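Q: For reference, the chains in residue letters:
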Amino acid sequence: MKNNIKVERAIHNITQAKLAEMIGVSRQTINAMELNKYVPSTVLALKISKIFKKPVNEIFFLDAKD
Amino acid sequence: MKSRFLFSHKLKPLGWILFLIGVVLGTILMVNKFDIPNWEIKVFPLISGEDSFLSSPAFEWSKNNIADELASLLLIIGGILISFSKTKDEDEYISTIRTESLIWSVYVTYGILILAILFVFGMDFFNILIYNMFTLLFFFMLRFHYVLYKSKKAIAHEE
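Chains R and Y, in that order, give the protein sequences.
Numbering follows the working numbering, with no gaps: position 22 of the first sequence is 22.
In the working numbering, each residue carries its 1-based index in the second sequence increased by 1000.
These aren't lab readings, by the way, just hints derived from the structure by calculation.
As the structure is a prediction and not an experimental result, all values here were calculated from the model.
Glycine is no exception: its CB is placed at the ideal position from the N, C-alpha and C atoms.
Incorrect hints may have been included.
Cross-link-like lysine-lysine pairs, in silico, DSBU-like; alpha carbons within 35 Å at most [claimed, not checked]:
| no. | chain 1 | residue 1 | chain 2 | residue 2 |
| --- | --- | --- | --- | --- |
| 1 | Y | Lys1088 | Y | Lys1150 |
| 2 | R | Lys65 | Y | Lys1088 |
| 3 | Y | Lys1033 | Y | Lys1088 |
| 4 | Y | Lys1086 | R | Lys6 |
| 5 | R | Lys47 | Y | Lys1152 |
| 6 | R | Lys47 | Y | Lys1088 |
| 7 | Y | Lys1012 | R | Lys6 |
| 8 | R | Lys65 | Y | Lys1150 |
| 9 | R | Lys37 | Y | Lys1153 |
| 10 | Y | Lys1088 | R | Lys6 |
| 11 | Y | Lys1012 | Y | Lys1033 |
| 12 | Y | Lys1086 | R | Lys54 |
| 13 | R | Lys53 | R | Lys6 |
| 14 | R | Lys37 | Y | Lys1010 |
| 15 | R | Lys6 | R | Lys65 |
| 16 | Y | Lys1010 | R | Lys65 |
| 17 | R | Lys54 | R | Lys18 |
| 18 | R | Lys54 | Y | Lys1012 |
| 19 | R | Lys37 | Y | Lys1086 |
| 20 | Y | Lys1033 | R | Lys50 |
| 21 | R | Lys54 | Y | Lys1063 |
| 22 | Y | Lys1012 | R | Lys37 |
| 23 | Y | Lys1033 | R | Lys47 |
| 24 | R | Lys50 | Y | Lys1150 |
| 25 | R | Lys53 | Y | Lys1088 |
| 26 | Y | Lys1010 | R | Lys18 |
| 27 | Y | Lys1086 | R | Lys53 |
| 28 | R | Lys65 | Y | Lys1152 |
| 29 | Y | Lys1150 | R | Lys18 |
| 30 | Y | Lys1012 | R | Lys47 |
| 31 | Y | Lys1033 | R | Lys2 |
| 32 | Y | Lys1152 | R | Lys6 |
| 33 | Y | Lys1150 | R | Lys2 |
| 34 | R | Lys6 | R | Lys18 |
| 35 | Y | Lys1012 | R | Lys18 |
Derived contacts from chain R toward chain Y, CB cut-off under 7 Å, selection only [unchecked claim]:
| no. | residue |
| --- | --- |
| 36 | Ser26 |
| 37 | Gln28 |
| 38 | Thr29 |
| 39 | Ala32 |
| 40 | Tyr38 |
Bound conformation, chain R alone (with noise of 0.2 Å):
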């Protein structure tokens, strides 16, 4: 799965450090997933989506590994 959390933040202006805090995870979880190393749960998906007022399909994505 991929993301574009990264650009949604550049976006939104909104740092790692910033986001881990509005979500409540801690920053390591916010790097992890924008390196594609960790996928979230449905709960921080769409506690993410809710943030970047966007639907989950539009800032996750399957890619061809799924």
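Assemble chain Y onto chain R, guided by the hints.
A: Relative to the frame of chain R, chain Y by itself:
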């Protein structure tokens, strides 16, 4: 995040204190062939083997140096508190690292044990079993904290 089966973050320092005392006591015992320190007290064995040279009779009071028992308990209880106290910012990603480290540690611990079963015999095998009591926790702690450290360092490279 709700995490099941984990202790409060506050217990982690206590875990380190108990564990380090256990390491010091265990090392002193190892160096002195388990004779020093000699803290003999009355114990009450529940199980006893056939050989009365090796063990005291069951269901009777007898004397035993409890220094090694104490070191083992400190290492195990301290190790469990270090391993399974929440980190300050425990979340689902850290829980994943935790689970993966535990699986990794089970493989390493039993990998070593399989090698020992194949290539070590008699009393030497028994000695390895003593260390094997602690290796599961020990390898878990090493791997878990190493991966946490690496993922924290990865942040430093970003931004």
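Q: What's the verdict on lysine 54 of chain R and lysine 1012 of chain Y, does the C-alpha distance respect the 35 Å limit or exceed it?
A: Violated - the C-alpha atoms of lysine 1012 of chain Y and lysine 54 of chain R are around 39 Å apart, more than 35 Å.
Q: Holds or violated: lysine 47 of chain R with lysine 1152 of chain Y, Cα cutoff 35 Å?
A: 23 Å, holds
Q: Within 35 Å, alpha carbon to alpha carbon, are lysine 1088 of chain Y and lysine 6 of chain R?
A: Answer holds: lysine 1088 of chain Y to lysine 6 of chain R is near 25 Å, not above 35 Å.
Q: Are lysine 37 of chain R and lysine 1086 of chain Y close enough, with their CA atoms no more than 35 Å apart?
A: 22 Å, holds
Q: Between lysine 1012 of chain Y and lysine 6 of chain R, is the straight-line Cα distance small enough, at 35 Å or below?
A: Status holds; Cα separation ~34 Å.
Q: Between lysine 1150 of chain Y and lysine 2 of chain R, does the CA-CA distance stay at or below 35 Å?
A: 22 Å, holds
Q: Has the given pair, lysine 1012 of chain Y with lysine 18 of chain R, been kept, meaning a C-alpha gap of at most 35 Å?
A: 27 Å, holds
Q: Holds or violated: lysine 1033 of chain Y with lysine 50 of chain R, Cα cutoff 35 Å?
A: The given pair, whose Cα atoms are some 63 Å apart, is violated under the 35 Å limit.
Q: Below or equal to 35 Å on CA atoms is what counts here, so check lysine 65 of chain R against lysine 1150 of chain Y.
A: Judged against 35 Å, a Cα distance of about 26 Å means the pair holds.
Q: With the threshold set at 35 Å, check whether the alpha-carbon distance from lysine 1088 of chain Y to lysine 1150 of chain Y stays at or below it.
A: 16 Å, holds
Q: Would the pair lysine 65 of chain R and lysine 1152 of chain Y pass a check requiring their Cα atoms to be no farther apart than 35 Å?
A: 27 Å, holds
Q: Is it true that the CA of lysine 1012 of chain Y sits at most 35 Å from the CA of lysine 47 of chain R?
A: 30 Å, holds
Hint check: violations occur at hints 3, 16, 18, 20, 21, 23, 31; the rest are consistent with the structure.
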